[in-house]
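Taken in order, these protein sequences are the chains called A and B. Going by the UniProt record's numbering, the first sequence opens with residue 1, and the numbers climb by one from there. Going by the UniProt record's numbering, the second sequence opens with residue 1, and the numbers climb by one from there.
Bear in mind the hints are in silico, worked out from the structure with no lab data behind them. These numbers come from a predicted model, not from an experiment. Some hints here could point you the wrong way.
It does not matter which identical chain is meant; a pair holds if it fits inside one copy or across any two.
Said to hold, decoys possible - Simulated crosslink set (BS3-like; lysine-lysine; CA at most 30 Å straight-line):
id, residue 1, residue 2
1, 256, 28
2, 313, 21
3, 285, 21
4, 47, 181
5, 2, 285
6, 2, 228
7, 204, 228
8, 169, 41
9, 21, 286
10, 256, 21
11, 149, 182
12, 286, 256
13, 41, 256
14, 2, 204
There are 2 protein chains.
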Amino acid sequence: MKKLINNPTNVVDEMIEGYVKAFPQYVKQLPENKRSLVTAKETRQGKVGVLIGGGSGHEPAFMGYVGDGMADGVAVGNIFASPPPDPIVEATRAIDKGAGVVYVYGNYAGDVMNFGMAAELADLEYGTSVGMVLVTDDVASAPKEESHKRRGIAGEFFVTKAAGAAADKGYDLEEVVRVAKKANDYTRTMGVGLTPCSLPQTGKPSFELEENEMEIGLGHHGEPGIEKGELQQADQVADRLVADILADMPLHAGDKVAVLVNGLGSTTRMELYIMFRRVEQILSKKGIEIHRSYVGDYSTSLEMGGCSVSLLKLDDELTEFIDHPADCPMYVQR
Amino acid sequence: MKKLINNPTNVVDEMIEGYVKAFPQYVKQLPENKRSLVTAKETRQGKVGVLIGGGSGHEPAFMGYVGDGMADGVAVGNIFASPPPDPIVEATRAIDKGAGVVYVYGNYAGDVMNFGMAAELADLEYGTSVGMVLVTDDVASAPKEESHKRRGIAGEFFVTKAAGAAADKGYDLEEVVRVAKKANDYTRTMGVGLTPCSLPQTGKPSFELEENEMEIGLGHHGEPGIEKGELQQADQVADRLVADILADMPLHAGDKVAVLVNGLGSTTRMELYIMFRRVEQILSKKGIEIHRSYVGDYSTSLEMGGCSVSLLKLDDELTEFIDHPADCPMYVQR
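So here's chain A without its partners, still in its complex pose (with noise of 0.2 Å):
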């Protein structure tokens, strides 16, 4: 698969370089870690800290939601893989302002482990204490009963958006991780792939589907899903993914949410707007209020081909995080 880069080696960190150039404004690498990137801007003392961080190849999560109202600093790992404590340490240690520093990552073995010791360290090395909030929004990566063995895909989102917005009205530590949380548990998010993207080490396609075939849940890095078929209509798809969020998390008529259909990298934006049109058609036929929208790429797999859709349940406190304004090089909202 062809792709514009040059040593495949060094693609995370060219791809820092170019970042942080383009939008020197919002970020800053820590001289001390190159995969340590902070807020270009001064934050206030006093203000609890909100840290993101995972592999590479989610572009532009995470580190385009570092700006005002989002996250305060990212750790950025290789493609795929999670970053080791010492870059979520360092910019732990940048972004605390003496009111701790709220982690929020995605629930998979090699971030448990790498946030979770990056944690004791920070603690234990610069007395910063540290909230911590795993993302696991994917319906279909473990069933109801186990829901905290579901891995984080691009619902994480809405729980960055909940722990800025919170940290940056002046929430304190145990309040910023309250709402976070309480974001994560009112978020669900299905997926369909339709093509696999590929390493740039490798050049190889990461998983295999026929020309006419589709995959219910598919995780973002290509983990199998729970329904392998045929291709099948997008309103059918969209259907399918509203159902199984709503058998999860059911909404009723009144209830009010937020939607965002997201792509997950060669999926067009024509394909997304008619996808987000039956979704619309589905929560409007319940009664269910749209509140706000997102439609477009917040978290890709590289090129890989299909999209997920991510309902977080509002309520007051909820709405009020959302509607925050936030200024990052990757999301903007007046």
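Add chain B to chain A, keeping to what the hints say.
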């Protein structure tokens, strides 16, 4: 090629329907013509209207750029086909606040004919004064001495931004036209194609490229470029694109530019940041200052693979327009 669509003949209407449902606070369809979208916000009397449009398949262009500080309306054509005069006239009528309307559109035979006819009809039927701004940023599409024959591609974003800002600042029709034409005169784009897209109706690739081949100067609808050759590394490709731009529009130490690295559809942001990295190195070495950077999918060709680099040379006046805030579904600038 797999797509998340329903009946291929309905893709454009379903896409528009989804788009308007996703962003009702920004855009609305006109009851007179469902291919005419206008801003959902109240526009003040006496403000010059800015109208954009063209074929579908370039999303988020063009409809994603209707909003505060950008365009007031858009006419949406079929995939890769100009909208007919009707939706253009209807949108013109809706956004005319007594100060006339400026059309910003790419230099393609169909668009030239249809926007031209629409301008005459709007004048005849409603007495609306229309100013015309043809975008001709694609260096590869005609030699310098025939630059008026060049096609409009991703640089149209800069021209729309300038026109939208000037209109928002209260400039009159003649002045908005002058500013937008100046932005076009100061913009150059060079692109590279790696992989084809396919039209929903046919499902067939729009052109052929060998597995290790790229095409410099490939058009946004698959129009032949100026050179096919072996896929090179990102740095070499960036060197070539920028060299061709600078040969056409010389820049010198101390000059200031805005840079847009635009993805054509399936190219990852990782690759776009790597491309930007090199563009920044080249400009920085020459002492050219990058005032503002844009990296992402601003004008696509369905799921085509590849990217383009646009440079807008900035003087004080254009800097002011580029820095002007904007608030559209697909582009927000604080």
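Status of each hint after checking the structure:
no. : hint         : verdict
1   : 256 with 28  : between (37 Å within a copy, 22 Å between copies)
2   : 313 with 21  : between (37 Å within a copy, 18 Å between copies)
3   : 285 with 21  : between (47 Å within a copy, 14 Å between copies)
4   : 47 with 181  : within (19 Å within a copy, 46 Å between copies)
5   : 2 with 285   : between (43 Å within a copy, 29 Å between copies)
6   : 2 with 228   : both (27 Å within a copy, 15 Å between copies)
7   : 204 with 228 : both (21 Å within a copy, 24 Å between copies)
8   : 169 with 41  : both (17 Å within a copy, 28 Å between copies)
9   : 21 with 286  : between (47 Å within a copy, 16 Å between copies)
10  : 256 with 21  : between (40 Å within a copy, 15 Å between copies)
11  : 149 with 182 : within (17 Å within a copy, 57 Å between copies)
12  : 286 with 256 : within (11 Å within a copy, 53 Å between copies)
13  : 41 with 256  : between (34 Å within a copy, 23 Å between copies)
14  : 2 with 204   : both (10 Å within a copy, 19 Å between copies)
The structure agrees with every numbered hint stated previously.
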